[in-house]
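Chains as they are written, first to last, in our numbering: chain A, 10 to 273; chain B, 18 to 420.
Just so you know, the hints here were simulated from the structure itself, not pulled from any lab data.
Misleading hints may appear alongside valid ones.
To be verified - In silico BS3-like pairs for lysine-lysine, Cα to Cα no more than 27 angstroms straight-line:
#, chain 1, residue 1, chain 2, residue 2
1, A, K192, B, K262
2, B, K262, A, K128
3, B, K107, A, K128
4, B, K345, B, K385
5, A, K92, A, K233
6, B, K320, A, K192
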Amino acid sequence: MKHKLYIIAALFSLALSVNAQENAWEKWGPTKGLESGGFIARAGYVIGGTTPLPLPAEVRKINAFSPKGGISVGIDGYRMFTKRWGVSMGAHFFWEGFHTAADVKNYYVWLEQEDEITKGYFTGTNVTNTEMWGVTIPVLATLRMSPRWNFSFGPYLSYYFKQTFTGEVFDNDDGIGYLREDKPTGAKILMSRENPTPYPDDFADHMLPMNLGLEIDFDWKAMKHLNVFGLLDWGLTDIWDRDFEAITFRMYPIYATIGVAYRY
Amino acid sequence: MNKIILRLLVPCSLLLASCIAAELDNTECDIEAVSLHFDSPSDIFYHDYDSMQTILSSESEIVFIVRSYANIQSIPVTLRVTEGASIFIKTSNGTEAPFQNGSLVDFSDNQVHQFHIVSQDKAWSRNYTISVVNDKPSEGNLFIDFESYHLDASGKYYIWDAPDAFTDGEWKNGNPGFKISKSSAKPMDYPSTPVAGGGPDGSACLKLETCDTGPFGRLAGMRIASGSMFNGIFDVGNALLDALKATQFGTPFIHKPVMLRAWLRFEQGGSFQDREGNVVEGVVDEPDAYIVFYRNEDQNGGKIQVDGSDVMTNPNIVGLGRLPHRLKADGSDLLSNSPIHGLTNEWQEVVIPVVYKAEVDPDILANKGYSLVISFASSWQGAYFQGAIGNKLFIDNVQLICE
Chain A
10 MKHKLYIIAA LFSLALSVNA QENAWEKWGP TKGLESGGFI ARAGYVIGGT
60 TPLPLPAEVR KINAFSPKGG ISVGIDGYRM FTKRWGVSMG AHFFWEGFHT
110 AADVKNYYVW LEQEDEITKG YFTGTNVTNT EMWGVTIPVL ATLRMSPRWN
160 FSFGPYLSYY FKQTFTGEVF DNDDGIGYLR EDKPTGAKIL MSRENPTPYP
210 DDFADHMLPM NLGLEIDFDW KAMKHLNVFG LLDWGLTDIW DRDFEAITFR
260 MYPIYATIGV AYRY
Chain B
18 MNKIILRLLV PCSLLLASCI AAELDNTECD IEAVSLHFDS PSDIFYHDYD
68 SMQTILSSES EIVFIVRSYA NIQSIPVTLR VTEGASIFIK TSNGTEAPFQ
118 NGSLVDFSDN QVHQFHIVSQ DKAWSRNYTI SVVNDKPSEG NLFIDFESYH
168 LDASGKYYIW DAPDAFTDGE WKNGNPGFKI SKSSAKPMDY PSTPVAGGGP
218 DGSACLKLET CDTGPFGRLA GMRIASGSMF NGIFDVGNAL LDALKATQFG
268 TPFIHKPVML RAWLRFEQGG SFQDREGNVV EGVVDEPDAY IVFYRNEDQN
318 GGKIQVDGSD VMTNPNIVGL GRLPHRLKAD GSDLLSNSPI HGLTNEWQEV
368 VIPVVYKAEV DPDILANKGY SLVISFASSW QGAYFQGAIG NKLFIDNVQL
418 ICE
C-alpha cells in the first residue's frame, strides 16, 4: 500500500514538473505561441577592431587600443518552426570603429596622395583610426537552447554608408622612427612625433562598400519582453579593394555588440 | 549575462595577446659608423674627430682624408653595422671573406676596399667602399661654372660636380628631399636644375626655383621647396624630421676667402606664402647668396658643422658675406616689400665681399681648422618653408677669390 502511494506521488510530481517545463517554454516563448514569429528591436554598444588575421610579424606591440563610436540599433524579424528551431533576419544600423597605436618594425607603408607615392618600410609607431557607418543584414538560424536562452548563427552582409581610415607614423617610445624608402636598403628618413607623417586622406576611397561574414548571437530573456544579448560579427572578406597596394595584408572587421532588446 | 560577456571576451583577449608573432630578422644592412685606429690621430688627421665617421644611409663611398704627408699602411678598422648584419671584405683574389672588427686593412698605395654588408635575414645586402686618401694641396681661387652635371643613380634628379676641395666632390641641394615629397616629379621639375645654354656666356647655367612640394609636402607641413645649392652635407634622413638640420653647411678649407663673384639673374615668383600656405600681404620673396667662413672645431676638439638653424648666427663664424637684405635691429631677417638685393631679370655680376669679425689664425687655417660655405637659394626663407612658388635664381660663373 505504502509502495503504491509512493509511486502515485512520484508520478504526480513528474507530471507536475513536465507541466512546469512546458509552462516555461510557453512563458518565455514567442508571444503568439511556440511555433510563431515576432520581432526583436535591439540597441547595443559596439566594440571591436578591423585587423589583419593573424597579426603580421611586423607588428611588435600594441600600445593603445580604444573603440570609436560603438552604437548599433536594429530590428530582427523571426519565425520559429518548431519549439527549438527557427530563422531570423534583420537590419542593424551601426557606427563602429577604433583607434590603435602599435610599435611596428619594417612595416610596409605606401603613402599615396593624388599622383604622389612615397613608399617603403617603416619602423616606429603606427597609429590607425577607422570609423564605419552602415547597416548589417544578418540571416540566421536560431536554436532555442532552453526556455530563456536563444543562440543564432548565420551569415551577414554589411553595407557601409561611410568609412574613414586615417593614420600616421612617428617615432616610438625609444625614439626610433624611420622609413626606409622603397626597400630596406633605401634612404633612411627619420620621423618624429613633433612632425608625424600622416597617411594620405584617400585611404577610405579604397575600402570596399560591402563585407560578408558570420554572426553569432546569444539572447537571454531577462523579462517578459526584454532581452539581454551579445553578438559577434566576424568579417570574412577583406575591407580593401583588391587593387589597393598600400596595405599588403587583408584586414577584417571583427566587432561585438552587447545590448538590450525589446522582444515581441 | 556574465557568461555572454565571458564568451565574447575570451576570444577577443586571445586575439590581442596571442597574435604578436615572433620577431622577424632585421632586413637592414647599413654601415652606421667607421673608425680607424691610430695611436696618435693628430699626426694623421687634421682633426682628431676625423678618425671616426658616421655614415648617412644614402652614402656608400667612405673616404677618410688624411694629412698630405701621412704614410698610411695597415690600419685596424672597426665598423658599426645594423644589428645582426654580417660584414664581408672583398679580398685581392676577388672572393669575400668575413671581416672581424678591429682587423688590419692595408690602405697603402691608395687601395680602395670593398665591403659587403649582409642583413640578418640574409635577403638584403649593400656594397660600400672605404679608402684613405692623402690630402692634396688645393687651389684657393675657384671657378665654378656648373657645367658638369649628371642624373643621380635613381635617374630622378641632377647632381653637379663640385671642386675637389669640397666633400665628396659634389654640390649639395634639397633635390633628394624633394624626391621624397614629390616622387612623380621629372628631373627638370626639381627645385635645382641645369639650364643648357642658359648662361650669360651661352653655356649651361644653374637654375634654382621655389617649387610646390605637392600634396605629400602639404601633409608634412613643408609646402614649398626652395631651390638650393651649397657645399657640405645634405642629410636626407633629416629632411622630414628637422629640415634645418638636414642642410649641413661647409667643408674644411685652407685658404682665406676674400670675396665671391657670381653671375646672377632673378625672376620674381608669385605671392609670398607662410608655412601654412597662407598668402602674406606686403611681403616680397627674395633670393639669397652667401659665403660663410667658420671655425670647425670647439675647445674640446669636437666637430662644429653649421646647419640651416645657425649658418648666419653660429658664434664660430669668423667671416660672412651675403647678398644685401633688409635686417631687423637685432640682425635677423626682415620680411618686406622693398628688397635691396639688386638682382633683376638681366644677368649681372654680383660681388659679395667677406666681412671678417674675427682674426683668421694662419696656423689653424693651414690645418683645415676653418670651413667654407658657399650657398645659393631661390627663397631666402626657404629653410622655414616660406616663400613664393616660382621664384627663380639663375647662377653661373661663380668665382671664389682668396688671399
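Cross-check of the supplied hints:
1. A:K192 <-> B:K262: holds, 24 angstroms
2. B:K262 <-> A:K128: Cα-Cα ~23 angstroms, so holds.
3. B:K107 <-> A:K128: Answer violated: K107 of chain B to K128 of chain A is near 32 angstroms, above 27 angstroms.
4. B:K345 <-> B:K385: Between K345 of chain B and K385 of chain B the Cα gap is close to 34 angstroms, so the pair fails against 27 angstroms, i.e. violated.
5. A:K92 <-> A:K233: Holds. K92 of chain A to K233 of chain A sits at ~18 angstroms (cutoff 27 angstroms).
6. B:K320 <-> A:K192: Status violated; Cα separation ~32 angstroms.
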